[in-house]
Amino acid sequence: MHMNVFNAFLLFFAGEDYWDLNIYVAATLMLLLCVSIAFQAVHGKKRDTHYNMKPGQAAWFIIKIILVGALSFASIKIAIAIGIYMFMAMGLASARLATNSERRIWKANHGTVAVVFLLLVPAALIAAGVLLRFWFELMFGIAGGTAFIIAHAGALVALFRKANGTGPARDRAPRGMKDAARGEKVAVVAGVCLLTMAILTVPVSRMTVETVMIPMRDGTRLATTVYRPAIPTGGMPTILIRTPYSRALVASWGESWFSKGYAVVIQDVRGTYDSEGTFDALVSGGADAYDTCAWIVNQSWSDGRIGTTGGSALGITQYFAAGAAAPGLVAQSIQVGTADMYDSFFRGGKYAQSDIGYWIWLNSHGSNATIDAFLAHPEKNAWWNNASLGLDGDYANVSTRAVHVGGWFDIFQQNTIDAFVGYYYNGSDRARRHQKLVMGPWGHATSSNVAGQISYPGGKDVFSARWSDAILAESLEPAKLANGLLAVPCLWNEPNIAYYVMGDVMDPHCSANECRYANDWP
Numbered sequence: 001m002h003m004n005v006f007n008a009f010l011l012f013f014a015g016e017d018y019w020d021l022n023i024y025v026a027a028t029l030m031l032l033l034c035v036s037i038a039f040q041a042v043h044g045k046k047r048d049t050h051y052n053m054k055p056g057q058a059a060w061f062i063i064k065i066i067l068v069g070a071l072s073f074a075s076i077k078i079a080i081a082i083g084i085y086m087f088m089a090m091g092l093a094s095a096r097l098a099t100n101s102e103r104r105i106w107k108a109n110h111g112t113v114a115v116v117f118l119l120l121v122p123a124a125l126i127a128a129g130v131l132l133r134f135w136f137e138l139m140f141g142i143a144g145g146t147a148f149i150i151a152h153a154g155a156l157v158a159l160f161r162k163a164n165g166t167g168p169a170r171d172r173a174p175r176g177m178k179d180a181a182r183g184e185k186v187a188v189v190a191g192v193c194l195l196t197m198a199i200l201t202v203p204v205s206r207m208t209v210e211t212v213m214i215p216m217r218d219g220t221r222l223a224t225t226v227y228r229p230a231i232p233t234g235g236m237p238t239i240l241i242r243t244p245y246s247r248a249l250v251a252s253w254g255e256s257w258f259s260k261g262y263a264v265v266i267q268d269v270r271g272t273y274d275s276e277g278t279f280d281a282l283v284s285g286g287a288d289a290y291d292t293c294a295w296i297v298n299q300s301w302s303d304g305r306i307g308t309t310g311g312s313a314l315g316i317t318q319y320f321a322a323g324a325a326a327p328g329l330v331a332q333s334i335q336v337g338t339a340d341m342y343d344s345f346f347r348g349g350k351y352a353q354s355d356i357g358y359w360i361w362l363n364s365h366g367s368n369a370t371i372d373a374f375l376a377h378p379e380k381n382a383w384w385n386n387a388s389l390g391l392d393g394d395y396a397n398v399s400t401r402a403v404h405v406g407g408w409f410d411i412f413q414q415n416t417i418d419a420f421v422g423y424y425y426n427g428s429d430r431a432r433r434h435q436k437l438v439m440g441p442w443g444h445a446t447s448s449n450v451a452g453q454i455s456y457p458g459g460k461d462v463f464s465a466r467w468s469d470a471i472l473a474e475s476l477e478p479a480k481l482a483n484g485l486l487a488v489p490c491l492w493n494e495p496n497i498a499y500y501v502m503g504d505v506m507d508p509h510c511s512a513n514e515c516r517y518a519n520d521w522p
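The opening residue of the sequence shown carries number 1 in the working numbering; numbering runs sequentially from there.
Treat the hints with care, since some could be wrong.
[Unchecked claim] Estimated spans, in silico, between C-beta atoms of each pair:
no., residue 1, residue 2, range
1, A445, L156, 21 to 31 Å
2, E276, G348, 32 to 42 Å
3, T208, G452, 41 to 51 Å
4, R466, G348, 34 to 44 Å
5, N519, I149, 47 to 57 Å
6, K460, P508, 14 to 24 Å
7, W383, P327, 19 to 29 Å
8, Q299, D507, 56 to 66 Å
In case anyone wonders, no lab produced these hints; they're calculated from the structure.
Beta carbons: idealized from backbone N, C-alpha and C, even for Gly.
When you get a sec, could you build the whole thing from the sequences and use the hints?
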C-alpha cells in the first residue's frame with residue numbers, strides 16, 4: 001500500500017507517540033505567548049500611556065492561545081515551528097523594550113533577553129537539529145523562523161539601524177499593535193505555505209507500507225506488513241515484531257519505530273488472522289522466525305541487522321527466534337515472556353487449563369487439536385524440544401543481547417529469570433554476560449506499580465525502556481554509537497540486574513520496597 005497525501009498527513013502529524021510530552025509542550029508555548037503579549041503591552045504603555053488593547057485585539061489574542069494549544073498538542077513538529085516563532089517574538093519585544101528603556105540596568109536586562117531569545121535559542125535549536133540529524137524537526141523550526149522574519153522584517157531592520165546609530169527606529173507596534181497583528185497574520189499565511197509544501201513533498205516520499213505473504217520452509221505463507229522508505233536510501237536496521245493478536249493492533253508501533261530510523265516488519269504468526277496454517281501455540285515459532293529473518297536480510301532496504309521487541313506472546317516469539325539462531329538477529333527487548341513452553345503450560349506437572357488452555361483455544365478459533373497434542377505429551381521430553389530453549393541446548397545458539405523484563409506477580413515470573421540465566425551463562429560469546437534483567441512488583445503488564453489493592457512505592461519501571469533503547473542502538477546502529485550520535489548509556493558499566501524488593505507497604509520503617517541491583521543471578 002503506497003501512501004497518499006491524506007494518510008501521509010495523518011502519519012506525519014498525528015502518528016507520533018508523544019502525547020504525554022505534547023501536553024507540556026502545548027502548555028509551555030501558551031505561556032510563552034502570554035509572556036510575549038505582555039511584553040508587547042508593556043512596550044505599548046511605555047510609548048503611549050493611554051494605550052489599551054481593543055476588543056478585536058483581545059479576540060485575536062484568545063484565538064491565538066487556542067490555536068497554539070491545539071496545534072502544539074496535535075504535533076511536535078508544528079509545536080517546534082510555533083516555538084521558534086514565539087521565542088523570536090519575545091526577543092523582538094525585549095529588543096523594543098531595551099531601545100526605549102531609560103535606565104541602564106533595564107536596557108541591559110531587556111537586551112540580554114532579546115539576544116538570547118531572538119538569536120541564541122533559535123541558533124542552538126537549529127544546530128541541535130543538524131547535529132542530531134532531526135531533519136524533519138529542523139525543517140519545521142526553519143519554517144517558524146522564516147515566518148517570523150517575513151512578518152517582522154520592517155521592525156527588525158529598524159531595530160538594527162537604531163542599534164547601529166544609522167537612523168531612528170521605525171517601531172510600529174505601539175500604535176494599538178495594529179501592524180504587529182497584521183504582521184502575525186502575514187506570518188500565519190507564510191507558515192501555512194511552508195508547512196503545506198512540507199506535507200506535499202516530504203511525507204509522501206518518506207515511507208511505504210506494504211503487505212507481503214512471506215513463504216516458510218513448508219510452503220505456509222505468513223501475512224507481513226513492511227514499513228520501509230518509499231525512495232531507496234540504502235540498507236537500514238530492521239525491527240521485527242511477530243504477533244498472534246493481529247498486525248493492525250500494533251500498526252502504530254510500525255510508524256513509531258520507522259520515525260526513529262528503522263525499517264519495521266510486523267507479522268501475524270502461523271494460523272492467526274491473515275496468515276496461513278494452523279495455530280500451534282507458537283511451537284513452530286523458531287523455524288518461522290528464522291525464515292522471516294532470512295527473507296528480511298535479503299531485501300534491498302535491509303542492512304542485515306535485526307532487532308525484536310514486544311511482550312507476552314510477542315516476547316515468546318523472540319525467545320524462539322534467538323534459539324533458532326535467526327539470521328541477522330542481534331538485539332531484543334523482551335517483556336513478560338517465556339523460553340520454556342512446557343514449564344509454562346504444565347506448571348509443576350499440572351496442565352494450566354484456565355489461562356493457557358483458554359488462550360490456545362481462543363487463538364485456535366475453537367479447535368482443540370493443539371491442546372490435544374499437548375495433553376498427549378504431559379512429560380518434559382524430546383517432544384518439547386522445539387518449544388524449550390533449555391531442552392536441547394538451544395541457548396548456545398543465542399547471539400543476541402537482550403533486556404528481559406518480568407514481574408513478581410506475572411505468570412511467567414520464573415520463566416523470565418530462567419531465560420535471562422540461559423542467555424547470560426549459556427549463550428554464545430556475544431550474548432554471554434551481555435544481558436539485562438528487570439524484575440518489578442508487576443503482573444502481566446509492567447506499566448503500573450499497583451498489584452491488586454497494593455501500591456508499591458517507587459515500583460514503576462524506569463529501567464527497561466532506557467536499557468532497551470541502548471541495547472537496540474548499540475547492536476543495530478554501531479556506527480552512530482561509535483561517532484557519538486546516539487544519546488545512550490554505556491550499559492556494561494552498570495549492574496546487569498535491577499530487581500524490586502517487596503515489603504510491608506504500611507510500615508514506614510520497612511527496609512524493603514525499593515529497587516536494588518546486582519551483576520549476576522542468583
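Evaluated hints:
Look at A445 against L156: about 53 Å separates their beta carbons, and that is not inside 21 to 31 Å. For the pair E276 and G348, the supplied restraint of 32 to 42 Å holds, since their beta-carbon distance comes to about 36 Å. Between T208 and G452 the C-beta distance comes to about 46 Å, which sits within the given range of 41 to 51 Å. In this structure, R466 and G348 meet the distance hint of 34 to 44 Å, their C-beta atoms being roughly 36 Å apart.
The hint said 47 to 57 Å for the Cβ distance between N519 and I149, and at roughly 55 Å that hint holds. In this structure the hint that K460 and P508 lie 14 to 24 Å apart at CB holds, the actual value being about 20 Å. Distance hint for W383 and P327: a CB-CB separation of about 27 Å, consistent with the stated range 19 to 29 Å. Look at Q299 against D507: about 57 Å separates their beta carbons, and that is inside 56 to 66 Å.
The structure is inconsistent with hint 1 alone, although it conforms to all the rest.
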